[in-house]
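S.K.: Sequence:
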Amino acid sequence: MPEYLPENTNDELQLRETILAVIEGTASSRQLNSLIAVSHTFAESYLRSRRAAWHLMEFHDMSRSDLAYDCLAELFRKDENGRLIELHTYFAGYEVRTADNVELVAYLRRLIFSKVNNRLFAMVGESDTVLARIVRNIKISLRAMKHFTEIERFGEVFLCPVDCDPLEENPKFSADEIEQLCFEHILDVTNIPQLLAKLSLVVRRQTDRSRMFPLFVLASVIKSVTGKQLPAGDSSDGFMRAIDEGDALQTIRSACNTARTKFTMSYVQKGKLSDAVLTHYLMTVEEFLIARVVEQDGEGTSLFSLLGKRLPELTEREYRATHKAKLEYVTRFVYECIEKDLKD
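Residues 3 to 346 in my numbering are what the sequence shown lists, from first letter to last.
Think of the hints as simulated: they come from the structure by calculation, not from any bench. Given the structure is predicted, the values throughout are model-derived calculations rather than measurements. One or more hints might be untrue.
Once the Cα atoms are required to be at most 20 Å apart in a straight line, the calculated EDC-like pairs of lysine to aspartate or glutamate come out as [what the hints assert, rightly or not]: (1) K326 to E338; (2) K225 to E128; (3) K342 to D210; (4) K225 to D130; (5) K200 to E179; (6) K328 to E288; (7) K272 to D130; (8) K264 to E181; (9) K174 to D130; (10) K342 to E288; (11) K225 to E338; (12) K264 to E170; (13) K326 to E179; (14) K326 to D277; (15) K200 to E181.
Ranges of calculated distance between the beta carbons of each label pair, as one might list FRET restraints [said to hold, decoys possible]: (16) N259 to A323: 24 to 32 Å; (17) S307 to R207: 28 to 36 Å; (18) A323 to M267: 20 to 28 Å; (19) F78 to T209: 40 to 48 Å.
Just so it is clear, CB atoms sit at the ideal spot from N, CA and C, and this is done for glycine as well.
Between the sequences and the hints, there should be enough to build the whole structure, so can you do that?
M.R.: Here it is as structure tokens:
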């Protein structure tokens, strides 16, 4: 993460003098602009790695720089006496006169990161009520069930299963990997307490990744996973019915081939699924889509019944426990490949 550090003793003195002037209410325009510039550098650095920032930049059609200024606006607001009350209150709690340059930068960075993170959550609540409700439900479940503990790092809230080593030095779960965990292990993603209980168990059992992940990333994944549950009808159906039957078949099979490549790497090679079962999944998905889209005869056709033709002893209980989440994930991925191919 890029960091601002005073390059020499003069820079260090200027930062200290600026902060002292803010505390005493005597900061000049030059000092204030200098502090705003440093704070903006920190804010942009923080936003660069935040998923919420990308969501808001796209939603509001604004640049990262503009979003950074928006997040800092309240921090540099003056009261009726012209004092920067938030900065004054914050730095009054530190020994600014005797702090070295590393400490001064750490104090400022901690404040900026926290301020930006809080503003991001507020803006998400204003622009995406579904995501805001999921965040709120996660926080309520955390207080009630206590499967995870909240850990703050640089102003951002992370979750970690309680009473276990967070493995903080290990590689972090990506958003895609968290989404895959949800599809593989969690069937009822609308039940937040149950989701957190199962996710806590899954994350606790593994040792390859850090057991910490951002609260906002989990909320975004839950929203995404919920939206990817297979509906009664799909937007791809309309596209497919508008093209030639031969082209539709080719599109479906091409998407299934793409899915084979992806899931061979993420499932088969990692020992999560045998190649034979993956083949059954892809044949099931292909038949499901052909019946539903090409033949337009998908009424009553289910993934369970089609997979059962390839696994004759499959029970509904075994299907739900072992196959349902993975098969629906594969099916959803194939749909996305089809949509992308048709739009291109």
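S.K.: Compare the structure with each hint and give your call.
M.R.: Verification of the supplied hints:
At most 20 Å may separate the alpha-carbon atoms for a hinted pair to count; K326 and E338 meet this at roughly 18 Å. Distance check on the hinted pair: K225 and E128 sit about 16 Å apart at the alpha-carbon level, within 20 Å; holds. The suggested pairing of K342 with D210 is violated, with an alpha-carbon distance near 32 Å, which exceeds 20 Å. A C-alpha spacing of about 11 Å is found between K225 and D130, which places the hinted pair at or below 20 Å, so the restraint holds.
For the given pair, K200 sits about 15 Å from E179 by alpha-carbon distance, which is consistent with the 20 Å threshold. As the CA atoms of K328 and E288 are separated by approximately 15 Å, the hinted pair is consistent with the 20 Å bound. A hinted pair counts as satisfied when its Cα atoms are at most 20 Å apart, and K272 with D130 does not qualify at roughly 36 Å. Of the supplied pair hints, the one linking K264 and E181 holds, its CA atoms being roughly 15 Å apart against a limit of 20 Å.
The straight-line distance between the Cα atoms of K174 and D130 is roughly 26 Å, outside the 20 Å bound, and the hint therefore fails. Our distance criterion of 20 Å between C-alpha atoms is met by K342 and E288, whose separation comes to about 17 Å. With a C-alpha separation of about 17 Å, the suggested pairing of K225 with E338 holds against the 20 Å cut-off. Distance restraint check for K264 and E170: the Cα-Cα separation of roughly 28 Å exceeds the 20 Å cut-off, and the hinted pair is therefore not satisfied.
Note on K326 and E179: the hinted pairing holds, with a Cα-Cα distance of about 18 Å set against a maximum of 20 Å. Between the alpha carbons of K326 and D277 the distance comes to roughly 17 Å, so the proposed pair stays at or under 20 Å and holds. Under the criterion of a C-alpha separation no larger than 20 Å, the hint pairing K200 with E181 is consistent with the structure, at around 13 Å. Our hint of 24 to 32 Å for N259 and A323 holds, since their Cβ atoms are close to 29 Å apart.
Between S307 and R207 the Cβ separation comes to about 32 Å, which falls inside the hinted range of 28 to 36 Å. Between A323 and M267, the C-beta spacing of about 25 Å keeps the proposed range 20 to 28 Å intact. A hinted range of 40 to 48 Å holds for the C-beta pair F78 and T209, which are about 45 Å apart.
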